[in-house]
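There are 4 protein chains.
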Amino acid sequence: MAVTLLGICGSLRKASLNRALLRVVGEQLPAGTHFHIYEGLELLPIFNSDHADPAPVVALKAAIAAADGVIIGVPEYNYSIPGGLKNALDWVSRPPATSPIRGKPVAICGAASGMSGTIRAQTHLRQMLVYSDCPTLNQPEVCIPRAHERFDADGKLTDESTRALLQRFGAAVVAFVDKHRTT
Amino acid sequence: MAVTLLGICGSLRKASLNRALLRVVGEQLPAGTHFHIYEGLELLPIFNSDHADPAPVVALKAAIAAADGVIIGVPEYNYSIPGGLKNALDWVSRPPATSPIRGKPVAICGAASGMSGTIRAQTHLRQMLVYSDCPTLNQPEVCIPRAHERFDADGKLTDESTRALLQRFGAAVVAFVDKHRTT
Amino acid sequence: MAVTLLGICGSLRKASLNRALLRVVGEQLPAGTHFHIYEGLELLPIFNSDHADPAPVVALKAAIAAADGVIIGVPEYNYSIPGGLKNALDWVSRPPATSPIRGKPVAICGAASGMSGTIRAQTHLRQMLVYSDCPTLNQPEVCIPRAHERFDADGKLTDESTRALLQRFGAAVVAFVDKHRTT
Amino acid sequence: MAVTLLGICGSLRKASLNRALLRVVGEQLPAGTHFHIYEGLELLPIFNSDHADPAPVVALKAAIAAADGVIIGVPEYNYSIPGGLKNALDWVSRPPATSPIRGKPVAICGAASGMSGTIRAQTHLRQMLVYSDCPTLNQPEVCIPRAHERFDADGKLTDESTRALLQRFGAAVVAFVDKHRTT
Chain A
14 MAVTLLGICG SLRKASLNRA LLRVVGEQLP AGTHFHIYEG LELLPIFNSD HADPAPVVAL
74 KAAIAAADGV IIGVPEYNYS IPGGLKNALD WVSRPPATSP IRGKPVAICG AASGMSGTIR
134 AQTHLRQMLV YSDCPTLNQP EVCIPRAHER FDADGKLTDE STRALLQRFG AAVVAFVDKH
194 RTT
Chain B
14 MAVTLLGICG SLRKASLNRA LLRVVGEQLP AGTHFHIYEG LELLPIFNSD HADPAPVVAL
74 KAAIAAADGV IIGVPEYNYS IPGGLKNALD WVSRPPATSP IRGKPVAICG AASGMSGTIR
134 AQTHLRQMLV YSDCPTLNQP EVCIPRAHER FDADGKLTDE STRALLQRFG AAVVAFVDKH
194 RTT
Chain C
14 MAVTLLGICG SLRKASLNRA LLRVVGEQLP AGTHFHIYEG LELLPIFNSD HADPAPVVAL
74 KAAIAAADGV IIGVPEYNYS IPGGLKNALD WVSRPPATSP IRGKPVAICG AASGMSGTIR
134 AQTHLRQMLV YSDCPTLNQP EVCIPRAHER FDADGKLTDE STRALLQRFG AAVVAFVDKH
194 RTT
Chain D
14 MAVTLLGICG SLRKASLNRA LLRVVGEQLP AGTHFHIYEG LELLPIFNSD HADPAPVVAL
74 KAAIAAADGV IIGVPEYNYS IPGGLKNALD WVSRPPATSP IRGKPVAICG AASGMSGTIR
134 AQTHLRQMLV YSDCPTLNQP EVCIPRAHER FDADGKLTDE STRALLQRFG AAVVAFVDKH
194 RTT
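Chains as they are written, first to last, in this note's numbering: chain A, 14 to 196; chain B, 14 to 196; chain C, 14 to 196; chain D, 14 to 196.
So here's chain A without its partners, still in its complex pose:
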């Protein structure tokens, strides 16, 4: 059965390297895979458990529920994941018993202009996902250092070794999601 994947990009900026990365991941996925990228982290208010889910949270929860798995493109801010991405996770993970992210298989990728390629952010994100009992793809890890040298000004990938990694990643994600699907 075909696999449906939801991409979530942790960055809001227009020229985001991680949105470019997610797009290339989408192009490299095995034929028949459905993939679209969620846009809208900036629409979510700051999480407050006193409030019921506002409309953009309801929409994001529905998008996650409709997917067999999630691919997160994570930039690194302050050696961790962006606050906006964490805020989305805070909303969608509650209440735990009925959260659409609970048990959902997740894969992580990240790109940065520095040498570390978002290693620290990915480590934190893995830890957070243990809370919601998400199976998380271990390997291959996609931590792209000096990413600004691998994408051109239009976000096109110009580095073939990265493309080969993303192809292996895409195949691994689909096999992983298929093994762990709850849908």
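Keep in mind that a hint or two might mislead.
Which copy? The list can't say, so a pair holds if one copy fits it or any two copies do.
What the hints assert, rightly or not - Okay, derived cross-link-like pairs now, EDC-like style, lysine to aspartate or glutamate, Cα gap no bigger than 20 Å in a straight line:
id : residue 1 : residue 2
1  : K192      : D146
2  : K27       : D66
3  : K27       : D63
4  : K192      : E52
5  : K192      : E162
The hints are simulated quantities; they were obtained by calculation from the structure and are not laboratory data.
Keeping the supplied structure of chain A fixed, place chains B, C and D upon it in accordance with the hints.
Below, chains B, C and D alone, put in the same frame as chain A:
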């Protein structure tokens, strides 16, 4: 010289245990210490580096710049710090060269209704603060488990062993901030 | 097909709470599960990649290869896993291509006399296992606080809520290992 | 007053990049600084709290007690610090009340042949040192990627940008240790 401290509470909910905790920390600080709690994490838009600092970010940066040190009361969501608190850190840490948090001494405390007392969130927060070169108080750690049993419905602390810990914490914070002040 | 599990206890001390914990885990495993606890971390020299595997490493590697999955009982020293346990992991994880731990499903449990129940050590251990692409059981987490109050002087478990947790844990481990078995 | 520093190398292998790194750090330290590198991690048995300190532990504790601060050169094994280094920390951190590492200022550096430059190991090590209340130098971080391209076969540093970084690091370490000395 008297020490001025800014409290930041990571939770927005009305009955927040961490706001209650910060208030008691404030009461236990050595005489002469100035302390006030910043309210306003929900006013900050989701961080986007394409945008200049909006007014609430300018205000928070000014509040941090005016303080000799910061005390963060951190709840734990998804085994990490709240997205809203991280979002504030993403704004105020940039640009690195002129960020008011850079080099600023920080102390962390946290309370939770579970057994872990926000240990995981505090670990993440410490790591994030390495980015901005913040000296961070190591000991005593304030990880309050079963906090709902230690505060009454009005947020009053009813547990004397916790009060004693917070008194030691307050004294340690002031000595630490005084040693590391950049102001 | 029956599942064979290898237990590894991170502590060497005679009255180890984590060895007691592993023994109770063993008793609670579903009927038909094979389980034995490896003893011998103290026989391994400190890892040095200049040296070929000494005999105790060969033996540990064989024990891991023969198991369908591994259960690690981890005490917390210095907010992380014991050096002796890490040393064993350093030996058995190399060379990566032929390591018997590679891809092997792993479950983690821990007990401590303090309140945190080895949370920090378990977080580190999860991160380490990403390197060897080990699927790691997320839930239920077994972080036993005040463990000295739950076991008697002979290492017998006296707390029934802990026994119930370990029963759920054992069932989850066996299902998880069966799903991820490479053997 | 002159500062005395103890170097500890986490690797035992003869051609260790981290021993080479520590040696260059030693050469770049400000004039008048005393620095020597401890050799002997392989002499320590695996930590067992049932046993009194064996002679090599007594010697290492004395070396730490005699120093104003410690510089640790940390390789990365299994995304964390080597078991042998952790084992040494397990011994010297106990008993907490009289441990010579308690409150001792520590600086961390690391080199690896991969891209991450021991980032993950350093993160773990920082967390461990919170236990012993060690002030830990935040910046500059020394995470040397592709280190095998920066040192020649004799362990001589051939990369001038790395030398400049180590010079800044050395100056920062001495100032930091002087500020936090307990000796």
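Okay, the hints, checked on the actual structure:
In this homomeric assembly, K192 and D146 come within 20 Å of each other (Cα to Cα) both inside a single copy, at 15 Å, and across copies, at 16 Å. In the homo-oligomer, the alpha carbons of K27 and D66 lie at most 20 Å apart only across protomers (17 Å), although the nearest pairing inside one protomer, at 27 Å, exceeds that limit. Taking the shortest alpha-carbon separations for K27 and D63, only the inter-copy value of 7 Å comes in at or below 20 Å, while the best intra-copy value is 32 Å. Taking the shortest Cα distances, K192 and E52 never come within 20 Å of each other, neither inside one copy (27 Å) nor across copies (34 Å).
For the homomeric pair K192 and E162, neither the shortest alpha-carbon distance inside one copy (35 Å) nor that between copies (41 Å) is at most 20 Å.
Hints 4, 5 from the list above are not met by this structure, while the remaining hints are.
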